[in-house]
Every structure is written in structure tokens, then in C-alpha cells.
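Undergrad: Assembling the complex is the task here: the two chains are given apart, and the hints tell you how they should meet.
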Amino acid sequence: MVTMDSVLSLISGHYNYWMGIVLMMLGLYVAISRGNLIKKVVGLNLFQTSVFMLYISMGKVTGGTAPILTGKPDTIYSNPLPHVLILTAIVVGISTTALALALIVRIREAYGTIEEDEIAAIERQFEFPKDRVA
Amino acid sequence: MSPLFIDILLFTLLAMTALAIVRLRNLFAVTMLASIFSLLAAGLFVNLDAVDVAFTEAAVGGGISTVLMLCALTLTKRDEKRTGHTAWLALLLCAVTGAGLVYGTLDMPAFGSPDAPIHTHVAPDYIARAKAETGVPNIVTAVLASYRGYDTLGETTVIFAAGIAVLLLLGFKRSDKREGGEE
Numbered sequence: 587m588v589t590m591d592s593v594l595s596l597i598s599g600h601y602n603y604w605m606g607i608v609l610m611m612l613g614l615y616v617a618i619s620r621g622n623l624i625k626k627v628v629g630l631n632l633f634q635t636s637v638f639m640l641y642i643s644m645g646k647v648t649g650g651t652a653p654i655l656t657g658k659p660d661t662i663y664s665n666p667l668p669h670v671l672i673l674t675a676i677v678v679g680i681s682t683t684a685l686a687l688a689l690i691v692r693i694r695e696a697y698g699t700i701e702e703d704e705i706a707a708i709e710r711q712f713e714f715p716k717d718r719v720a
Numbered sequence: 148m149s150p151l152f153i154d155i156l157l158f159t160l161l162a163m164t165a166l167a168i169v170r171l172r173n174l175f176a177v178t179m180l181a182s183i184f185s186l187l188a189a190g191l192f193v194n195l196d197a198v199d200v201a202f203t204e205a206a207v208g209g210g211i212s213t214v215l216m217l218c219a220l221t222l223t224k225r226d227e228k229r230t231g232h233t234a235w236l237a238l239l240l241c242a243v244t245g246a247g248l249v250y251g252t253l254d255m256p257a258f259g260s261p262d263a264p265i266h267t268h269v270a271p272d273y274i275a276r277a278k279a280e281t282g283v284p285n286i287v288t289a290v291l292a293s294y295r296g297y298d299t300l301g302e303t304t305v306i307f308a309a310g311i312a313v314l315l316l317l318g319f320k321r322s323d324k325r326e327g328g329e330e
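In order, the protein sequence lines correspond to chains H and E.
Terminal number for the first sequence in my numbering: 720, no gaps in between.
Terminal number for the second sequence in my numbering: 330, no gaps in between.
Next comes chain E alone, as it looks inside the complex (with noise of 0.2 Å):
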């Protein structure tokens, strides 16, 4: 099977599980797709070449988003609301910039062409020098980890954040009410 016939087929996948998800109105059968959504675009960017991503996606979004959202369901409630009709305005805005953002892609160079101002300015000086500069073959790593080590370190304060505001909404005022022996 050639790449590209892998790419359409992986596109249609997705495509049918994004309309299928804005159809479902049960949040557990919503969780599921979203996470086989994310396994398929996981299967896309190893056919685009990106592993790192590729490996990432499908721990981070096929699986402790998954977790997350199944946590927040058992403490919330697993139907939507019918609300019976569509939302045509929300559909006008999606229609026009979906139509603005396609029209932008017109003047970029085609997919995968070798000459494109993204491949030729300094990706091939990270590609030549990654391996004598940081020891790592994986050029990705090299970058993630090394040239840009300060970056990844303001990310992982992000979470960091994150993980403390998840706490101090959820831990804490769960322990007083059982002190209290309310509820």
C-alpha cells in the first residue's frame, strides 16, 4: 500500500469519527471516539514521518485524556441534553472559516515538496548538525532536549501548574467536606 492511499484512507477514518462524535449526544460513546480518534491521527503521523509525535499522541491523547475524560464522567453525568435543533449560525461561522483557511492554503507550496521555504531555511543545519553538536541521532530529541532544553523546561512548568490548579479545584475541597461530614 502506497503512502498515499494510506493517508486518504486514514483521512476518511477521522472524518467519519469527527461527524460521528458531533451526532452522539451519549458522552461515554463521545470518550471512546475521541480516544479512536486520536489513535487514527496517531496512524497518520507515523505515515508522515513523525514517530516522536506519533507515539505521543497516542499515550497523551488516546490514553490519559481518555482517563481523564471517564474520571470526569463518573462525577458528572453521561448523557447530553437533546436540544432537537441545529445550530445554523455556529454552522455559517464554521462554513466561512473553514472557506477563509482553505483559501490561505492556496499559495502554499504542495504537500511533501521538497523545495518548500520550511525545509530550506535552518532545518537542514539542525539535520547536519544535531549528531556532532549533541550526540543524539534522534534529531527530534536533539532539539527538544538540547537546543531548546530551556522550552521544554517552561513546559513542564505549564503542567506543573496545571496538576497544582487540578489539585487546589478538586483535592482539597474534597477533604474539608469530609471532615465536616457533609454530603
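Isolated chain H, as found in the complex (with noise of 0.2 Å):
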């Protein structure tokens, strides 16, 4: 039988998993129905600190504090793993995201345009787009 207070613990338990994934999917929303390059990017972007608050939570220890030694033996810290990994994967974020603005740029060049639906019918309209756009 599920009572009232095991159902509240489970929303206190979870509550920062489940926010980060409602992020999560709005991020994955921007990037997937949006037709403009740059929000895509930004939705991408949006989904990939989403899932860094997810980790990051998994990390916290009640009562923790940062995992920087402070010489007292009785500290409780925080599991510095995950920081360590979501530091990584913010330096990487920051390629990916440079790259893809510099193609970005590159295809308003080459089309003329930074819509998803324009660059396709440019595409199925010539055969070397390049020549005729420019």
C-alpha cells in the first residue's frame, strides 16, 4: 500500500533528478522542432548543463560540504568524482559548440540562410547551390 509519507519522501528523494530531466526535455524540444541552427545550438547547449545538474546531484552528500580538504577529521564532503567528470564535459561542451557556430557560419555563407526548411529546398532545387545562391 503506498502511503502518504513514502510518496513524499520519494518526490524529496528525486526532486533534483526530475527537475534536471524536465530540462533535460525542454533542451531536446528546442533542438529537435526548431528550425533555426543557432537554436538548435542553444537547445543542445541547454540539454548538456541539464545533464550536469543531474550528475552534479548524484554527487551531494547531506550535510557535505565542498570537497576541498579542510583538516578537521570529522568533515563530511561531497563525492568529488562527479565533478570531476562534468568538468571535462564542460571543456568539450565549449568545442562542440564552437565548431558547430563556425559551421553555422559557414553555411549562411555558402546558402544565404540559417533555416533548416530554406537550406533543404535550396538543396533540392540545384544541384551545386553554391553557384546560384552566391
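Don't take each hint at face value.
Straight line, CA to CA, 27 Å or less: simulated DSSO-like cross-link-like pairs of lysine-lysine [as the list claims (entries may be wrong)]:
id: 1; chain 1: H; residue 1: K626; chain 2: E; residue 2: K224
id: 2; chain 1: E; residue 1: K278; chain 2: H; residue 2: K658
id: 3; chain 1: E; residue 1: K228; chain 2: H; residue 2: K626
Just so you know, these hints were derived from the structure itself, not from any lab.
TA: And the structure:
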């Protein structure tokens, strides 16, 4: 039998994970539903940052402090390993963002637009789109 | 204010920012909101004891990423085209994926519980030995720069590769055009 208390403890124990997932799905929605390429990159960044939140939430220990040694013997530290993992992920994330934006700028130069459907139309219409649009 | 209250407040603000990003069509506003999102995320990371992650997120997500976005916007255009309809299929896909992920979290140990498997295997070892073995009091730094130094070297290689790729895509092309006197 499900009691009120068990439901409440489930919600308070998983709130961070669920909010992380909600934000992740908002980012995913932007990335797959919007035709504008820059908006897609923003959506991808949103998704990425939300994944970081999920990971960092797992590393938290109640009553803990940042994993920098204080010298006191009875200090509780939060888990440093997710932090290390996510630091690497942030840096790799900015690399992919930079590359994606550079590609978008080149696409704009070649096609004159950064809307996905317009690019597809140009692709369909011409065999050598670069020659015609320029 | 208790950490839990700050946690809920920050997540609410993050959700509002994300919703505004979904709805807005002006890309300049979207970029600014993405920067705010990163800054709020950094605040959340401080609240979750991840101070190193927080300042990296604030600098990289809130700073560099925003600058790159603004550069891209000046080279492209400011407004997103209006499509007028909601992408129901995409919405359905996101709802199903989200529901699957939430179902996956039901088995996970509760937030902050000290006896979760993640806290009981190698993590206490790192905390106990980092100072003696590396001499660095910040355990995140000790792992990043010492235990997993090669991994960080690989990460630097990724940034280098991305930088070279961006230069190849933008830099050389531009100077060729200028020499040719076109555009």
C-alpha cells in the first residue's frame, strides 16, 4: 500500500533528478523542433547543462561540504568524482559549440540562410547550390 | 535560508528561463537567456558543493559560450523564422523520453543519501589519500591534474582540434576572399 509519507519522501528524494530531466527534455525539444540552426545549438547547450545538474546532484551528500580538505577529521565531503567528470564535459561542450557555430557561419555564407527548411529547399532545387545563391 | 529552499528556488528559475528560451524568437534575447541559464546553473552547482564546476560553468557557459553566440549572430541574423505551429511529434517524443528517464530514476538512491553506491566505492579512497599522494588539498584538482592527468591532456587535445577546425572553417577562407577583392 502506498502511503502519503512514502510518496513525499520519493518526491523530496528525487526532486533534483526530475527537475534535471524536465530541463533536459526542454533542451531536447528546442534542438529537434526548431528549424533555426543557432536555436538548435542553444537547445543542445540547455540539454547539456541539465545533464551536468543531474550528475552533480548524484554527488551531493547531505550535510557535506565542497571536497576541499579542511584538516578537521570529522568533516563530511561531497563526492568529488562527478565534479571531475563534469569539468571535462563542460570543456568538451564548449569545443563542440564553437565548432557548430563556425559551421553555421559557413552555412550562412554558402546558402544565405540558417533555417533548416530553406536550406533543404535550396538543396532540392539546385544541384550546385553554391553557384546559384552567391 | 536552507539549502533545500535555495535548490527549489534555483530549479524554478531555471525552468522559467528554459521555457522562455523555447518560446522566444529573437535570437539575441535567446542568447542572453542562455547566459542567465548558465549563471543560475552555476549557482545551483555551488549549492550542491561543486564549486570547481560552478566557476567553470560561469566562465565557460555564461561567458565564452555567450561571446561565441554573439559573434555567430553578428555574422548571421537576429531573428528566427516564425513557423506558427507546435511540433506535436517532437513534443510527444520528448514526453516519452522524459517519462522513461523518470521511470529510470525511481530505483536511484534518494538525493543526498550518504550510503548511495556512488559514495561507498572509490570516492572515500580518493578523499583519504589525495593529500598524502599529491599534496593538493582540493581533491577535484588532485584527480583532474594528477590521477587523471592524461585524461586532461586528451581534453586539451580536443580544444586544440576544435580551435584548428574553427580556424580552418572561418579564418583562411576570409583572407582568400580579401586577396581576390571579391565581396
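Undergrad: Next, verify each hint and record whether it holds.
TA: Structure-based check of each hint:
1. H:K626 to E:K224: Given that 27 Å is the threshold and the Cα spacing comes to 14 Å, the pair holds.
2. E:K278 to H:K658: It holds: about 13 Å lies between the C-alpha atoms, which stays within 27 Å.
3. E:K228 to H:K626: Holds, at roughly 13 Å.
The structure meets every hint from the earlier list without exception.
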